[in-house]
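Undergrad: Each protein sequence line maps, in turn, to chains A and B. Each residue of the first sequence is one higher than the last, beginning at 1 in the UniProt record's numbering. Each residue of the second sequence is one higher than the last, beginning at 1 in the UniProt record's numbering.
None of these hints come from the bench; they were simulated from the model. Incorrect hints may have been included.
[What the hints assert, rightly or not] Selected chain B positions facing chain A (Cβ under 8 Å, derived; list incomplete):
#1 I117
#2 L161
#3 E166
#4 Q167
#5 V169
#6 K170
#7 A171
#8 Q172
#9 T173
#10 G175
#11 L183
#12 R184
#13 P188
#14 W265
#15 G267
[Stated by the list, open to error] Pair ranges (Cβ atoms, derived):
#16 A:R172 / B:R165: 17 to 25 Å
#17 A:E67 / B:V246: 52 to 60 Å
#18 A:Y245 / B:R260: 51 to 59 Å
#19 A:T116 / B:D218: 47 to 55 Å
#20 A:T116 / B:R165: 19 to 27 Å
Where a beta carbon is used, it is the ideal one built from N, C-alpha and C, also for glycine.
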Amino acid sequence: MGVAPRLPVDGGVVVSFVRVRGLWQSYGGRPILERIDLDVAKGEFVSIVGASGCGKSTFLRLLLAEEMPSRGTIRIEDGPVAREPGRERGVVFQRYSVFPHLTVRANVVAAESFATRRGWLSRAGRQAARDRADALLERIGLAHVADAYPATLSGGMQQRLAIGQALTARPRILLLDEPFGALDPGTRLSMHDFVSELRAETGMTIFMVTHDLAEGFKLGDRVLVFDKPRWDPHEPEAFGATITYDFDARHGGIPYQIKEDDHAAIHA
Amino acid sequence: MRLVNRHPSRRAAIVLAALPFAALALAYVVGSEIRLAANPQDKLLPAPGTIWETAVRLFTVPDPRSGELLVWQDTWASLRRLAIGVGLAAAISLVLGMAIGLLPYLRRTFAGFVAVISMVPPLALLPVLFIVFGLGEVSKIVLITIGIAPFLTRDLSQRVLAIPREQMVKAQTLGASSLVIALRVALPQTLPHLIGGVRLSLGAAWLFLIAAEAVASDVGLGYRIFLVRRYLAMDIILTYVIWITVLAFAIDWTLRWVSRRAFPWMGASL
Ligand SMILES: Nc1ncnc2c1ncn2[C@@H]1O[C@H](COP(=O)(O)OP(=O)(O)O)[C@@H](O)[C@H]1O
Ligand SMILES: [Mg+2]
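The following block holds chain A by itself, in its conformation from the complex:
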């Protein structure tokens, strides 16, 4: 099943914005991920799918530098290996992604104020930050609830706020871990439009874990499938998961591999 890692090629030159090399992760001697190599171009939207518990969130935590891999490296634009989360990498989780004790507006302002020494903006900077926050809230359709606390918002509104907050920090990559997993189908559809629009505006490089294959193909430029290539029936936990398929999801989501087969059929 070994799929050669597909390299983003631009005029014959490999342009890799996010570079993952020889990545392994195991917990207590139990391998979860193994041999992951990946190159992602700037502005690419990468969907990640796979069975529950196969290590998708673990991969995202490694991308986020929330934990260190057992082996291997992750670099953005060949920069240093990050040792802890920072403003380079934004994240939205399925839940708990906004601060419950801050109003909607303060949650957006936090994306600016948290990076200061004591966590508060100066008097002069505060009003400007509030105005920027209000402009963002207008843009993401939350202006009417600017003074409300997140607990009073619907799930879809909370996730829109979380995405807006993450983008306000201007990260270089944005990580989404099943961001719409807790939403009802209708809300999820409108969130798809929301994410597509924001992505078109910002050109952000995005990694999104989803358990919905259709969602992955709809939003992503690529769909990575995580699975265990090796399998020992006597010891199911002996091997970790890796990227077993790397589909091209552009142009209406025709899987990359099947396209190859079509070529073979045509040439035959």
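With chain A fixed as given, assemble chain B with the ligands onto it according to the hints.
TA: Frame of chain A, contents of chain B with the ligands only:
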């Protein structure tokens, strides 16, 4: 319908809530009448009228010897000790609890220590405190502080640890340093629990206060109760007990009011 699904109406709820108080009052009145009928000199269960007269006298007529209203002196002295002792405990446990909850190094250092210390029965330490700090104010305040600080510290560190990992990571992706995480993420979400913890430990704080005052003091609510015990002055003792209960209830109510006002985002969970 199952009992677990049956709910009283609003009016019934008020009546039900008043019922135990009425029952207690009735039991007292009946008991008092029976004893006084058998022996008009009985001091154990004074008639409610007698207690009322005593209460009015205590709160309005100065003590003939000192010319002071003793109950107010006692109240002031006791509340001062309580406030300083509880305030110190709250401050110490807020700092320590947040540090233990946030910093793995301090957690490894202090979590086990605090767990063991909280097992020491504070009242057993009272003689030690009297020896070390003397019979004055300090030993009473320290007893209250070491009596409730370990519980508060453990509670607060657990609350900090219970803040979802997602929030801690999110704050870091917004560029927050350890200090900013402490001040802007952990502290505001811990303060409501500090007030909640203080409310829970006030009962113990009163216990330690009255115990310390009973053993060595010359003013205070606990001191007065144990002083008049010698004369079997049940009317005074009961007046003081009811007064202490009213004070404790008022403090608890005030703290709840403060936390509702100060932490609107907590919603109904306070
Ligand atoms: N910190 C950890 N320690 C031990 N095991 C872990 C840890 N994090 C995740 N795991 C295990 O790793 C596996 C993959 O988890 P996860 O990445 O959350 O899967 P997914 O997101 O694909 O559902 C699971 O079996 C989980 O129990
Ligand atoms: Mg997951």
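Undergrad: Would you list, in rising numerical order, the hints stated earlier that this structure does not obey?
TA: 1 and 2
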